[in-house]
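Counting with the working numbering, you get residues 2 to 436 for the letters of the sequence shown.
Misleading hints may appear alongside valid ones.
In the EDC-like style, the derived pairs of lysine to aspartate or glutamate whose C-alpha atoms are separated by at most 16 Å in a straight line are [stated by the list, open to error]: (1) Lys328 to Glu31; (2) Lys210 to Glu344; (3) Lys434 to Asp422; (4) Lys210 to Glu192; (5) Lys434 to Glu373; (6) Lys60 to Glu46; (7) Lys395 to Asp233; (8) Lys210 to Glu230; (9) Lys167 to Glu192; (10) Lys4 to Glu46; (11) Lys60 to Asp83; (12) Lys243 to Glu230; (13) Lys273 to Glu296; (14) Lys243 to Asp257; (15) Lys328 to Glu296; (16) Lys243 to Asp233; (17) Lys4 to Glu324.
Beta-carbon label-pair distances, calculated as ranges [stated by the list, open to error]: (18) Cys76 to Gly249: 47 to 53 Å; (19) Glu218 to Tyr276: 40 to 46 Å; (20) Cys76 to Pro297: 41 to 47 Å; (21) Gly249 to Asp74: 17 to 23 Å; (22) Gly362 to Arg311: 18 to 24 Å.
Keep in mind that the hints were calculated from the coordinates and are not lab data. Cβ atoms here follow ideal geometry from the backbone N, Cα and C, with glycine treated the same way.
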Amino acid sequence: MSKPLKIAAIGVGSESFGRGILADALGSPEIGEFDCTLVLVDIAESALDRMFRLAERLKAHHGSPVRLEKTADRCRALEGADYVVTSVAVQRYPLWEQDFRVPLAYGFRHALGENGGPGALFHSMRSFELVLPICRDMERLCPDALLLNYTNPESRVVKAIYAATKIEAVGLCHGVMGGMDGVCRILERPEEALDMVAGGLNHFFWFTKIADRRTGEDLYPALRRRIQEDPDCPAAPPLVRKMVEVFGCYTYPSDDHIGEYLSFASGFTGLKWHYGQEYRRVPRAAPAPGQSRLEPYISGEKPISEIAGRSGELAIPIALDIELNRKSWRPAVNVPNTGLYVENLPAEAVVEVPAVVDGAGIHPQSVGPLPEALAAFCRTQVSLQTLLVEGYLKRSRRLLLQALLLDPVVDDVARAERMLDDMLDLQQEYLPKFE
Numbered sequence: 002m003s004k005p006l007k008i009a010a011i012g013v014g015s016e017s018f019g020r021g022i023l024a025d026a027l028g029s030p031e032i033g034e035f036d037c038t039l040v041l042v043d044i045a046e047s048a049l050d051r052m053f054r055l056a057e058r059l060k061a062h063h064g065s066p067v068r069l070e071k072t073a074d075r076c077r078a079l080e081g082a083d084y085v086v087t088s089v090a091v092q093r094y095p096l097w098e099q100d101f102r103v104p105l106a107y108g109f110r111h112a113l114g115e116n117g118g119p120g121a122l123f124h125s126m127r128s129f130e131l132v133l134p135i136c137r138d139m140e141r142l143c144p145d146a147l148l149l150n151y152t153n154p155e156s157r158v159v160k161a162i163y164a165a166t167k168i169e170a171v172g173l174c175h176g177v178m179g180g181m182d183g184v185c186r187i188l189e190r191p192e193e194a195l196d197m198v199a200g201g202l203n204h205f206f207w208f209t210k211i212a213d214r215r216t217g218e219d220l221y222p223a224l225r226r227r228i229q230e231d232p233d234c235p236a237a238p239p240l241v242r243k244m245v246e247v248f249g250c251y252t253y254p255s256d257d258h259i260g261e262y263l264s265f266a267s268g269f270t271g272l273k274w275h276y277g278q279e280y281r282r283v284p285r286a287a288p289a290p291g292q293s294r295l296e297p298y299i300s301g302e303k304p305i306s307e308i309a310g311r312s313g314e315l316a317i318p319i320a321l322d323i324e325l326n327r328k329s330w331r332p333a334v335n336v337p338n339t340g341l342y343v344e345n346l347p348a349e350a351v352v353e354v355p356a357v358v359d360g361a362g363i364h365p366q367s368v369g370p371l372p373e374a375l376a377a378f379c380r381t382q383v384s385l386q387t388l389l390v391e392g393y394l395k396r397s398r399r400l401l402l403q404a405l406l407l408d409p410v411v412d413d414v415a416r417a418e419r420m421l422d423d424m425l426d427l428q429q430e431y432l433p434k435f436e
């Protein structure tokens, strides 16, 4: 008789996350070794119904034996779960726009406003309000389950989980894989020919090793040389290029991501919000209401094979690594730095490092120290995150202000206080009260 395996996917109504988790689970041949139930969870019933229909199509396409269930009641899904995968948000784009534009209106020149910068203070707390109640339900209903979290800001959310609950959690993100792809494009070599290691913080990590897998030759000099000498170098936008020039280390090839943690990023990224009206023309005729991009595949209008491929994300592979004792190397997990996996970051940091995953769980790997200047950037973020989590749990406006004043782009106390109070008022429906 096959071993039972229950996976709860919470927030599955998200078209990107939902499609990926469904394709990964239902397209996995190894999952057929288990009596597996995949429970789809979302409070938006129309989105949940749509993703359940997509799951049925993918199940038929792959011939998967996985049992599918759906529910808006997460407690029903969590009861007896072995793995819980979370990707949750509330009013994502309207609130994200507020996170970006309000700090900018107070004169704080930040980048993106999602995972770093003053706007991320509020995104973080909204995510805590969503994820921590899920963890508390897990403590009652599946205390031994592993939480595989995609909810951003990744390092802050994982830090809050460990500070406030007893749940074992790991944060997952495809940023390091994107960085690895960037290295391959710059060096014009396939991934299997390279030995690459990265470490640091989520969205703010650095490659500590880039070598030829067969010979061990250090390829970092070649990578630096091409970035600095080739104006058409791929995967090296202006801020990434400048960081390599000054600090010598390559990071994720996206200026707006790393720019969230740097005081000088706006000189490279500009001050437009990528998802705002400033990036869209205004047509004379209003466009027809759009439908889900997945609907043509669900209805059969387009072949399901076009979207049935694996996502490249790690949640389902990691679950199977554990269940099958595969001893797999995975390039990036977000975990507490208790083993000083990044040697010169504090133990209380949540770091992004590689890991080996086997039947005993997730074993983070040491990447050694970061160059001191990069470690200093990261240490500021760790202190900020510590104050933010403590301020949230204690409902302390004073600690939130301390966290805000540590942010590299916040350069005025009076404006910071006014902005903090303004945002706490604007988003009061999504946040607790602070004293």
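Fill in: Agreement of Lys395 and Asp233 with the hint, judged by alpha carbon distance not exceeding 16 Å
Distance of about 50 Å is beyond 16 Å: violated.
Item to complete: Take the C-alpha atoms of Lys328 and Glu296, compute the straight-line distance between them, and say whether it is at most 16 Å.
Response: With a Cα-Cα distance of about 38 Å, the restraint between Lys328 and Glu296 is violated, given a limit of 16 Å.
Discussion item. For a C-alpha distance cap of 16 Å, please report whether Lys243 and Glu230 respect it.
Written reply: holds, 12 Å
Discussion item. Need the status of pair Lys167, Glu192: alpha-carbon distance at most 16 Å?
Written reply: violated, 37 Å
Worksheet item: When you check the alpha-carbon spacing of Lys434 and Glu373, does it fall within 16 Å?
Response: With Cα atoms ~38 Å apart, Lys434 and Glu373 exceed 16 Å; violated.
Worksheet item: Does the structure keep Lys4 and Glu324 at a Cα separation of 16 Å or less?
Response: Between Lys4 and Glu324 the Cα gap is close to 10 Å, so the pair holds against 16 Å.
Discussion item. So if I understand the rule, the pair passes when the alpha-carbon distance is 16 Å or less; does Lys243 with Asp257 pass?
Written reply: The hint holds at about 14 Å.
Practice prompt. Take a look at whether the Cβ-Cβ distance between Glu218 and Tyr276 falls inside 40 to 46 Å.
Written response: The hinted range 40 to 46 Å holds for Glu218 and Tyr276, with Cβ atoms some 42 Å apart.
Discussion item. Lys60 and Asp83 were given as a pair; does the straight-line alpha-carbon distance stay at or below 16 Å?
Written reply: violated, 21 Å
Worksheet item: Given a hinted range of 47 to 53 Å, is it respected by the beta-carbon distance of Cys76 and Gly249?
Response: holds, 50 Å
Worksheet item: Regarding the pair Lys210 and Glu230, is the alpha-carbon distance no greater than 16 Å?
Response: Not satisfied, since the Cα-Cα distance of roughly 21 Å exceeds 16 Å.
Worksheet entry | Restraint check for Lys60 with Glu46, where alpha carbons must lie at most 16 Å apart | violated, 21 Å
Hint compliance for this structure: hints 5, 6, 7, 8, 9, 10, 11, 13, 15, 20, 21 are broken, all remaining hints hold.
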